[in-house]
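Peer 1: Chains as they are written, first to last, in the working numbering: chain A, 488 to 848; chain B, 488 to 848; chain C, 488 to 848; chain D, 488 to 848.
Bear in mind the hints are in silico, worked out from the structure with no lab data behind them.
Quantities reported herein were computed from a predicted structural model and do not represent experimental measurements.
All C-beta atoms, glycine included, are put in the ideal place defined by N, C-alpha and C.
Possibly wrong hints are sitting among the right ones.
Unchecked claim - From the derived model, a few chain C residues whose C-beta atoms are all more than 10 Å from chain B:
no. : residue
1   : Ile587
2   : Ala741
3   : Arg843
Unchecked claim - Think about it this way: if two alpha-carbon atoms lie no more than 27 Å apart in a straight line, the pair counts; the simulated DSSO-like pairs of lysine-lysine are:
no. : chain 1 : residue 1 : chain 2 : residue 2
4   : B       : Lys574    : C       : Lys559
5   : D       : Lys798    : C       : Lys764
6   : B       : Lys688    : B       : Lys798
7   : D       : Lys764    : C       : Lys688
8   : A       : Lys812    : A       : Lys798
9   : A       : Lys559    : D       : Lys812
10  : A       : Lys798    : B       : Lys764
11  : B       : Lys494    : D       : Lys629
12  : A       : Lys629    : C       : Lys494
13  : A       : Lys764    : B       : Lys812
14  : C       : Lys812    : D       : Lys764
15  : D       : Lys812    : D       : Lys688
16  : C       : Lys494    : B       : Lys494
17  : B       : Lys559    : B       : Lys632
18  : C       : Lys764    : D       : Lys688
19  : B       : Lys559    : B       : Lys629
20  : A       : Lys764    : B       : Lys688
21  : D       : Lys691    : D       : Lys812
22  : D       : Lys688    : D       : Lys574
4 protein chains.
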Amino acid sequence: MSSKFGKIFSVSTFGESHCRGVGAIVDGCPPRMPLTEADIQKQLDRRKPGQSRFSTERKEEDRVSILSGVEKGLTLGTPVALFVPNKDQRPGDYQKMSGIPRPSHADYTYQMKYGIRAASGGGRASARESIARVAAGAVAEKFLKENYGMEIVAWVSAAGSVDAYGTDTETVSREQVDQSPVRCPHPESAVQMEQAILRAKEAKDSIGGIVSCVCRNVPPGLGEPVFDKLEAKLAQAMLSIPATKGFEIGSGFAGSRMYGSEHNDPFVRKGDGLGTKGNRSGGVQGGISNGETVFFRVAFKPVATIGLPQKTADFEGNEVILEAKGRHDPCVVPRAVPIVEGMAALVLADFVLRQRRMMKP
Amino acid sequence: MSSKFGKIFSVSTFGESHCRGVGAIVDGCPPRMPLTEADIQKQLDRRKPGQSRFSTERKEEDRVSILSGVEKGLTLGTPVALFVPNKDQRPGDYQKMSGIPRPSHADYTYQMKYGIRAASGGGRASARESIARVAAGAVAEKFLKENYGMEIVAWVSAAGSVDAYGTDTETVSREQVDQSPVRCPHPESAVQMEQAILRAKEAKDSIGGIVSCVCRNVPPGLGEPVFDKLEAKLAQAMLSIPATKGFEIGSGFAGSRMYGSEHNDPFVRKGDGLGTKGNRSGGVQGGISNGETVFFRVAFKPVATIGLPQKTADFEGNEVILEAKGRHDPCVVPRAVPIVEGMAALVLADFVLRQRRMMKP
Amino acid sequence: MSSKFGKIFSVSTFGESHCRGVGAIVDGCPPRMPLTEADIQKQLDRRKPGQSRFSTERKEEDRVSILSGVEKGLTLGTPVALFVPNKDQRPGDYQKMSGIPRPSHADYTYQMKYGIRAASGGGRASARESIARVAAGAVAEKFLKENYGMEIVAWVSAAGSVDAYGTDTETVSREQVDQSPVRCPHPESAVQMEQAILRAKEAKDSIGGIVSCVCRNVPPGLGEPVFDKLEAKLAQAMLSIPATKGFEIGSGFAGSRMYGSEHNDPFVRKGDGLGTKGNRSGGVQGGISNGETVFFRVAFKPVATIGLPQKTADFEGNEVILEAKGRHDPCVVPRAVPIVEGMAALVLADFVLRQRRMMKP
Amino acid sequence: MSSKFGKIFSVSTFGESHCRGVGAIVDGCPPRMPLTEADIQKQLDRRKPGQSRFSTERKEEDRVSILSGVEKGLTLGTPVALFVPNKDQRPGDYQKMSGIPRPSHADYTYQMKYGIRAASGGGRASARESIARVAAGAVAEKFLKENYGMEIVAWVSAAGSVDAYGTDTETVSREQVDQSPVRCPHPESAVQMEQAILRAKEAKDSIGGIVSCVCRNVPPGLGEPVFDKLEAKLAQAMLSIPATKGFEIGSGFAGSRMYGSEHNDPFVRKGDGLGTKGNRSGGVQGGISNGETVFFRVAFKPVATIGLPQKTADFEGNEVILEAKGRHDPCVVPRAVPIVEGMAALVLADFVLRQRRMMKP
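Can you build the whole structure from these sequences, using the hints too?
Peer 2: Pasting the structure below:
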């Protein structure tokens, strides 16, 4: 009962890695918005495996169909159902492991929770589940762009121990990000990241990384006091992405080491209204957007599936050596970029619609 | 519409800083559970201001009343309403500032969102709002303790630039935590934290910090796949606490710099079932608890209200100098400890009840 | 977990008949709306017992306090908490019956559901629970009146076997309704109803009745397709009121016996747009308001508590004779009128706010 | 945002009449339950048009596919997605009417709500939408049958002015119901209903009717106090079905005319516990099931689409004569039987899972 996200702009997803396909219902998208499959496909293409030698070699086409809710290129205000069939199914790769819960995977916990789990692959914990997030997120993004000119750009700001430098949150664009196959907009850092990923791949090991994200042109007033603060729902959204271990907004963990006099963002006149000098708040104060750029960072652990042999236990508790044979990414963060963007869009679209209720039509 | 948290064990809160009081309705607490006001009061006492010279000197009694849902010391299964009257109201302190949005406070964003805001103090962004979280959380904690022996312990693991060392996540207790007024269980670190806080206080400035939290005896199977993963709802819960800027679980941001072969938690036989050797996962895999201790960290920014003069702008955009006169904490993290515990309890109680539905009675 | 109603204009209620009081949190009421306790009190006064010899003689003052969410007579956009203390508590009346589940009451089902129940009176099944509905409904009604000029008027259209005639749905007003103590706007019918109620009272018996309700100036477009149709949520709202057994909108059950050619409401030009000639639809088509007056009827069973001896069984299954001693209404429908109005207002306010999200601000 | 129903056993639906198909995601179905497409197909076959000369002659195959959530014939505990492609699309039939809102249809209200509507057919107000209800309901029914032996049987108890007599709520079965093409288990009444329907068809007119439904072996304790009473959610569920105008449970509207002493259901010993003598309550007291058979009735208006010419107005307000050419049912109630059953199953499955939370595992 948890494959649903959003209160007004609401998404329900479905699909395991080896069933007929994965998909989403977007319920609550306003009517009369132009929407085509191409709007969605471009983000799916950024997510799909097999884009470069830095990701898994598994090829997946991942073509989206709009099943409902759109007629003659316009949304009807009714649920928009999206579907991506599963094509490249090789349950054989996983068969051998079925008696052994893979370390730091979801095999064990699904078994404990449900008393059953998908025999092959990760079921709902599979990376394919994120297709539905990206597809639904692309609809949300279209809505935000069309109505508010909102821009959401994520990039790889760390891969393993390599940090990216010099990214300007006010100007960084998807074009810049996509110039490197590792999706780091800083060219020298990108090259170092590529090397780090290839080294991990050769060592049959994996590395993690950090994805940063900015949301520009966010109007003030988004986010709801108390439990559904803008940063709280962003945190939920990001920590719901597989393999994430941390979230920070604005000054983040580093901010906890500063003095209040350094950390505060004083107000200054900007245009007709107020803006802040500095943005340690990350665009959010008291849980509500203040009109400045929202920015946050998401930590991803190293991929759990590795080629190196691992000493672990099978479901009966017997010690075994596990060697993964399935195709897998040595580093997931380049492909995580559109997932982070998609989830950010879902959060913001929902808050935009929640805020509208405040205003008299 | 966002003062509600939890799907089954559900809490709705209310109250501004200067209205008649603050409170919560806990809807979904199972019946026949022993519950008294004393169960709740002890956590409220740990949250209240004026406990030591390391927090604000403002005295608040914060006595809770159970208005409904309990009869002869037992819950009825019906909504448990909790109320704490506001006593120490000094709107005068805030009056002068009403035309000036305080930097890094919620004055500006509330005004932008609602077109109105509470004239005195922070309204729903006031620290008093957290009383309702702590009160409701104490009910949740009682439920978890009575039914599962669950233990939730939070502590201050950093204050400003002082880090705490040597805390054993398997044994740390509230008694140990409360031995120091700054709620750091490591005595030497505690002393250094006290000094850091007093220095900030003398300088009319403020510092931030980090609260760590462990949840022990969490049964496997809690947390729901996809959007309501255990870590995702913990992240939402923590980032919904005022002044938080970051959340990390298990290995967190540091984990993103490790290799998969280092980071993975291999399985070993434990008792009748499986456990993990190491716990970089923080007790959660694929969004579901695995039976190991859940642990996470929450970053708090330095308190926004400081005595130092700040150059900022009023609502009209005129440059002004703001000097806060209200009583305020130089460092909020010692008092945040029971808030973090309360929110963790609310998350876990809800997941326990959501998981029960899976089982045949 | 079900003391909550509404998605955007959302209400959570609490309180048993013999705890400290009953109340509600209204979360989602738009900001800057004038609101005083007097706005709410007037509907509570219409609901309270002891108004006339046609209802219970039990006197209850039922004074409402606004605990939060309003400052200087204006809503802040934050949760509005409402509280009515319980005063006249006479658990003694109920004591004797505690081992005997009252026929057609909730004693038995609460015990089966929770394994516990409030020792005295009906707990959440008590009539006092409806205080919270009326109080919250008055806030919703204020919002609808201020913003849309909406008018909601309910009346008693049948008491026992006495039907009311001649009520004009386009003009009937609360003033007309309140001219009779049984709240029937048709004077002759009202007199017959009074006699029917007094006869039942003298016979230590009870009767039921029907409450009709109209909502005028409902803008077109309210109600959501599929599961949350306007009539569907009205039906839920009405069947959630204690003692109700049926709901019908527009032509209702009688409409099922008509031909399509008789039943259809053809369109005609009205003002700038369209209206319908006839209103068998009851103001709703496809689950969405069409701009015509919404009207519906709600059936109430006879009050279950009667003075006549009843042969029944105690919890152990032993045959017993039950004679109720508590004070009770011989007919509940006159006091149900403001409850029906309140629930209708809660449904409409929520749909108004849900519809706003469709529009660009 | 309203194509979702149920809190724990939750369904989201999608699909217009002339898009690629209609479907549903069932989120919250417990794991390890046997489920095949055949389980679902049998109810879809009872709903589909073209079954007899008493319904529309339009043929639709309506084959369901399970897209996810089931492996090797067992549910995984993950979302079960169901899809039925649209095949027989003849938008031409509707083309001509597109400038004229059909009387008592949803054309006008959808246009007012969304500013757009599906060009052909009724969009989400189309009868095809109910396919998703029936499919999801069949999953719920399987769950209730497997776990509780619950039986849900609906039948046509009135068609136009013909009432059915002599149906025994304790024994009536689907086999009996399906012996007549009009789904009335009383043979003589069935014949009269057939005649009434054919007369309406010949007259190019339509009639309405009433569907009755019983749910047997419902355990006590289902339904939640206050707003989500069992009868309240049943009422919502039934009034959300297209063309419904009324709902009554147990004694219903007729009960409002009785005396309390006649209406009350006294308790008697039954097996180990208590039951009631008589069942005017319809199996529900205080909103919670009492272990007796739940029964209720649903009123359907006559089909709005008729062949007779109708004087009405186009969207511009010009008077026009409308003659429907599309294929349509002269009476919808025989095909509504599985829809009513499906919605009842969805309500009960959700309450079963909501009640489980009360019990310690």
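Peer 1: Would you mind marking each hint as holding or not holding in the structure?
Peer 2: Hints, one by one, checked against the model:
1. Ile587: Label holds. Min Cβ-Cβ 19 Å, cutoff 10 Å.
2. Ala741: For alanine 741/C, whose nearest Cβ neighbour in chain B is about 39 Å away, the distance exceeds 10 Å, so it holds.
3. Arg843: The assertion about arginine 843/C holds, with a minimum of 13 Å to chain B.
4. Lys574/B to Lys559/C: Satisfied, since the Cα-Cα distance of roughly 19 Å is no more than 27 Å.
5. Lys798/D to Lys764/C: Given pair lysine 798/D, lysine 764/C holds - Cα atoms ~11 Å apart, limit 27 Å.
6. Lys688/B to Lys798/B: holds, 20 Å
7. Lys764/D to Lys688/C: holds, 25 Å
8. Lys812/A to Lys798/A: Distance of about 15 Å is within 27 Å: holds.
9. Lys559/A to Lys812/D: OK: lysine 559/A and lysine 812/D at ~24 Å, within 27 Å.
10. Lys798/A to Lys764/B: Distance ~11 Å between lysine 798/A and lysine 764/B Cα, so the pair holds.
11. Lys494/B to Lys629/D: OK: lysine 494/B and lysine 629/D at ~25 Å, within 27 Å.
12. Lys629/A to Lys494/C: Holds. Lysine 629/A to lysine 494/C sits at ~25 Å (cutoff 27 Å).
13. Lys764/A to Lys812/B: holds, 23 Å
14. Lys812/C to Lys764/D: With Cα atoms ~23 Å apart, lysine 812/C and lysine 764/D stay inside 27 Å; holds.
15. Lys812/D to Lys688/D: At roughly 13 Å apart (the allowed maximum being 27 Å), lysine 688/D and lysine 812/D satisfy the hint.
16. Lys494/C to Lys494/B: holds, 13 Å
17. Lys559/B to Lys632/B: holds, 20 Å
18. Lys764/C to Lys688/D: holds, 25 Å
19. Lys559/B to Lys629/B: Given that 27 Å is the threshold and the Cα spacing comes to 17 Å, the pair holds.
20. Lys764/A to Lys688/B: Distance ~25 Å between lysine 764/A and lysine 688/B Cα, so the pair holds.
21. Lys691/D to Lys812/D: holds, 11 Å
22. Lys688/D to Lys574/D: holds, 25 Å
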